[in-house]
Amino acid sequence: MLRYKDGRSLFHKLDSRTKFFFFFSTLSLFSTNILYLSSIFVFTLFVFLANRLSFQDIKGFSKFFIIFSILLVIFQGFFYPFGKTHLLSGFPITFEGIAFGFAISLRLFTILFSLAILMLTTKQKHLLESLGNFLPKDLAFSLTTAFRFIPIFEEETKTIIISQESRGLKKRGPRRLTFYFPVIVPLFTKALERAKNLAMSVETRGFGKAKTRYNLKMKTNDWIIVLGTLIFGVLCFWLFII
Amino acid sequence: MGIKIRNLNFAYSETPILRNINLDVNDGEFVGIVGPTGSGKTTFALCLNGIIPHLIKGKFSGDVEVSGKNTKSFEVFDLAKSIGLIFQDPDSQIFSITVEDEIAFGLENMGLEKNEIKRRVDGVLNALKIKDLKEKETFALSQGQKQKVCMASVLAMDPEILVLDEPTSQLDFRGTKEVYRILKDMNKKGKTIIVIEHKVEWLLKYADRILVLDRGNFVLNGKPSEVFRNPKLEKIGIEIPKAFRIEKFLKKSGIKVDFEKLVRV
Ligand SMILES: Nc1ncnc2c1ncn2[C@@H]1O[C@H](COP(=O)(O)OP(=O)(O)O)[C@@H](O)[C@H]1O
Ligand SMILES: [Mg+2]
Numbered sequence: 022m023l024r025y026k027d028g029r030s031l032f033h034k035l036d037s038r039t040k041f042f043f044f045f046s047t048l049s050l051f052s053t054n055i056l057y058l059s060s061i062f063v064f065t066l067f068v069f070l071a072n073r074l075s076f077q078d079i080k081g082f083s084k085f086f087i088i089f090s091i092l093l094v095i096f097q098g099f100f101y102p103f104g105k106t107h108l109l110s111g112f113p114i115t116f117e118g119i120a121f122g123f124a125i126s127l128r129l130f131t132i133l134f135s136l137a138i139l140m141l142t143t144k145q146k147h148l149l150e151s152l153g154n155f156l157p158k159d160l161a162f163s164l165t166t167a168f169r170f171i172p173i174f175e176e177e178t179k180t181i182i183i184s185q186e187s188r189g190l191k192k193r194g195p196r197r198l199t200f201y202f203p204v205i206v207p208l209f210t211k212a213l214e215r216a217k218n219l220a221m222s223v224e225t226r227g228f229g230k231a232k233t234r235y236n237l238k239m240k241t242n243d244w245i246i247v248l249g250t251l252i253f254g255v256l257c258f259w260l261f262i263i
Numbered sequence: 302m303g304i305k306i307r308n309l310n311f312a313y314s315e316t317p318i319l320r321n322i323n324l325d326v327n328d329g330e331f332v333g334i335v336g337p338t339g340s341g342k343t344t345f346a347l348c349l350n351g352i353i354p355h356l357i358k359g360k361f362s363g364d365v366e367v368s369g370k371n372t373k374s375f376e377v378f379d380l381a382k383s384i385g386l387i388f389q390d391p392d393s394q395i396f397s398i399t400v401e402d403e404i405a406f407g408l409e410n411m412g413l414e415k416n417e418i419k420r421r422v423d424g425v426l427n428a429l430k431i432k433d434l435k436e437k438e439t440f441a442l443s444q445g446q447k448q449k450v451c452m453a454s455v456l457a458m459d460p461e462i463l464v465l466d467e468p469t470s471q472l473d474f475r476g477t478k479e480v481y482r483i484l485k486d487m488n489k490k491g492k493t494i495i496v497i498e499h500k501v502e503w504l505l506k507y508a509d510r511i512l513v514l515d516r517g518n519f520v521l522n523g524k525p526s527e528v529f530r531n532p533k534l535e536k537i538g539i540e541i542p543k544a545f546r547i548e549k550f551l552k553k554s555g556i557k558v559d560f561e562k563l564v565r566v
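Heads up: the protein sequence lines correspond to chains A and B, in order.
Residue 22 is where the first sequence starts when you use the working numbering, and the numbers rise one by one after that.
Residue 302 is where the second sequence starts when you use the working numbering, and the numbers rise one by one after that.
Excised from the complex, chain A in its bound form (with noise of 0.2 angstroms):
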């Protein structure tokens, strides 16, 4: 998971707004230009290798976002509207669909790694504070404790599911489909539960209180990436787009 981990690289000293900076600046969601996109794909990736970032760290993500990028790339090799340059004569898969998948594949792996960087870098007070700047607090909040809970989502529904199949639900058979009812009201129930009693518990320890500031301070390097990455993206816009 995208957890918190301690190091001493640049990134990990950075003001978490210039991370969000660099966050924001990587999505790139209004283009679907390939070299524009690989461009601002290497420049993440050599962000998150130069920070000592591995990809051990984002394991259970990437399984999953490589999966569907191959997907992806079949599918809009079928369907892309607007594909013209059929790669096979008889054969509906076009270039421009291929080619189209394979943006958004890039773009998705931008966006990964980039999470990456800002989730494996900052403290989670950190998150909460530059978060609460522009989010109202309880939304921030939300946002940045909802990484805690996963593992503990996924131990409780390993116990929900024990305790109904051990009252003879079944997971296989005609009734597979329903077989998650059972499972998620329960933990739909305990999650209402918990949210509310975690809302009173930092409620009683000031939550949105905070008076001291522990990192919302612009150095040199914030402002040296700001800098590099603002013109590394204008660079490529010019270059690729216009």
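There may be inaccurate statements among the hints.
What the hints assert, rightly or not - No farther apart than 30 angstroms at their CA atoms in a straight line, the calculated lysine-lysine pairs in the BS3-like style are these: (1) A:K34 x A:K146; (2) B:K437 x A:K179; (3) B:K435 x A:K34; (4) B:K435 x A:K144.
None of these hints come from the bench; they were simulated from the model.
Using the hints, position chain B with the ligands against chain A.
Frame of chain A; chain B with the ligands shown alone:
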């Protein structure tokens, strides 16, 4: 100053949950609250630290005064500096990734200096003998350890009064014993302790006073040796400590004994 409660009534919607509660708790007391499930123990605890009526709306009337502050006129966080509440389920209180961050959270919000925060975090870690957990990730802790981290994060804010809602429900004998040892320790240092508990043996051993909550009202209030000997107890649905059960049995057979010394620390 302690706690002063006058004519407290509360209902989440229509059904009254707390009915006309009047109660005083003095500074430095160690109070145990028992009562069947659904009798309103947790609701009562939420009234003490201001979550009711501030966060949970409902039909609230009466006055709750904690260390001289009426809960109606102070915010939850301001009350938290006087009264710390440790909730039942540790999993739904911890939200930070590391133990250190979790404990520092309340302190940071209090606006303390970095060094003071460090000092206090180390202080509670020492007091609860969990120094080795400082840098651990919270999700990987055992239930007992999580429970202690919750206690630490509240204790760090140094409230005069500590309220614990079934703190040992997930703990085994050893864990329970440790929690009570810590509570007694805190109590000796002057903290007021209010603990909601099903394991009556522990209350008999440690508490100065027992309150029995039944359908929203404190029906019994007195020394553990009196309350736990009260014949009404079983009807309400509360377990009688072993020693007093034996005592009663022997009495019926004509043998007079006093087991109180046996069970008190
Ligand atoms: N948030 C809530 N909304 C409505 N009813 C509640 C809520 N929380 C508790 N109750 C009800 O209030 C009563 C007392 O609950 P609670 O204070 O949790 O009792 P206890 O802690 O003694 O088991 C129960 O009947 C319960 O169903
Ligand atoms: Mg309860």
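Verification of the supplied hints:
no.: 1; hint: A:K34 x A:K146; result: holds, 14 angstroms
no.: 2; hint: B:K437 x A:K179; result: holds, 24 angstroms
no.: 3; hint: B:K435 x A:K34; result: holds, 22 angstroms
no.: 4; hint: B:K435 x A:K144; result: holds, 16 angstroms
Going through the hint list in order, the structure satisfies each hint without exception.
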